[in-house]
Amino acid sequence: MTSTLNPASEHPAEIPEYPMTRAAGCPFDPPPTLRAKQQEGPLTKVRLWDGSTPWLVTRYAEQRALLADPRVSSDITRPGYPSSAPVTGSSKVSFILMDDPEHARLRRMVTAPFAVKRVAAMRPAIQKIVDELIDDMLAGPKPVDLVEAFALPVPSLVICELLGVPYADHDFFQDNSKTVIKRDTTPEQRSAALGQLAGYLNDLMGEKLADPGDDMLSQLAERIKSGELSRQDAAQMGVLLLIAGHETTANMIALGTLALLENPDQLALLRDTDDERLVASAVEELLRYLNITHNGRRRAALEDIEIAGQLIRAGDGLIMANDIGNRDPEAFPDPDRLDIQRDARRHVAFGFGVHQCLGQTLARLELQIVYSTLYRRIPTLRPAADLEQIPFKHDGSVYGVYELPVTW
Amino acid sequence: MKVTIDQDRCVASGQCVVAAAEVFDQRDEDGIVVLLNPDPPAEQAADVRHAAVVCPALAIQIED
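The listed protein sequences correspond, in order, to chains A and B.
First residue of the first sequence? That's 1 in this note's numbering, and the numbers climb one at a time after it.
First residue of the second sequence? That's 1 in this note's numbering, and the numbers climb one at a time after it.
The hints are simulated quantities; they were obtained by calculation from the structure and are not laboratory data.
Ideal Cβ positions, reconstructed from N, Cα and C, are used throughout, including at glycine.
Mixed in with the good hints, there may be bad ones.
[Said to hold, decoys possible] Which stretches of chain B does chain A cover? Using the computed rule of at least three CB atoms under 8 Å from a CB of chain A, they are:
#, stretch
1, 9 to 20
2, 52 to 58
[Said to hold, decoys possible] Partner residues aside, some chain B positions facing chain A, computed with beta carbon under 10 Å:
#, residue
3, D25
4, Q26
5, R27
6, D28
7, E29
8, G31
9, L35
10, E43
Next comes chain A alone, as it looks inside the complex (with noise of 0.2 Å):
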């Protein structure tokens, strides 16, 4: 194996800090900083919180080469793992955080509720969770918070009735999420943010296993009562469930239509077709383009790994930027261009390789069924703020809006 030479690492002053800064201006293309590490190669450093320098991966063939490559472990406790903040004994967030064998063990147990067919019989409820909402939006005041009013609340009722978890209950889990995915928590608010949610999945679990419904959160119960899970675990993959279902739906959903507002000419397209074909295909440039998962897809090498000229050793980190991968211009045409007609559909907004989201068909259902419906049921919807006044979420590991005042 041939080792090559990292010049970065000789110059750790030159080594840029991990996560970037987005330009003033551009809300929707990925830090400068990433388009220019991807010009410089496929492989370069980065420094991270703790001083650590792991290896930024930005190019999209490498992306995928890595993350579907069994040598590199989602394992935060590895040593080498990049992690986004102080790891503490309540980082194990479930299984997102795990390698197989137990990995696929845990996640076997709640995909088949995912599962394409059983999605698409969601359909008509989903589509009537949007229509009402609009409903009530055209006949309350105007202007109106999209996120407030829409936006959080169309995933978020979709996860409660799929889980079995009140809706009545909304405020609580959608602020301690807020809290967990937030760039600059502290690792105790994180903490306690996440005990919160494990305390109340796992009170809630007790009145599944001792009153079971037709939810998934009843069918981790049964797991529980023949030993397959303790739990705890079951609590926690309530956890994981809960805040992944809400929160990034949401930000799409908002952060989508901000991104459509500004481009009238895509929205015509989408607000004017009848084809399913055409919807389905903006949703999966929505997710090629606004690539809300800008904190990276993190892992650490089990093994020596050579790509793309360059040696991974056992033991570094690997941070694949899938934001900057999805504009990589050798995968995507004119990659910085929103073009809902183009053939988007193996980008990385779901990540890649086993620990691929989970829930992607639900929320590719959603957001077809929202695209479809609201612009064509408020044709003269628009923002009510300028650009520069919109709160985005440079913040958060999920990016998005705060708020979307919106009239029409």
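Given chain A, work out where chain B should sit, using these hints.
What follows is chain B alone, placed relative to chain A:
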């Protein structure tokens, strides 16, 4: 075209079903891939190839 799948590697993303529903399905109990037709006709070849490209677990192999 000859298609083979690896159910042990599959992570139930369901992307193969979205790409080529005539060729791939999912098990009811855990969403793991089921191969409906190991020898799909030529008109489905492009969809099957796309399914193999987007499979996150690289669980679909194609021989021409």
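Do the hints match the structure? See the list:
no.	hint	in the structure
1	9 to 20	holds (count 9)
2	52 to 58	holds (count 5)
3	D25	holds, 8 Å
4	Q26	holds, 4 Å
5	R27	holds, 8 Å
6	D28	holds, 7 Å
7	E29	holds, 6 Å
8	G31	holds, 4 Å
9	L35	violated, 15 Å
10	E43	violated, 17 Å
Going through the hint list in order, the structure does not satisfy hints 9, 10.
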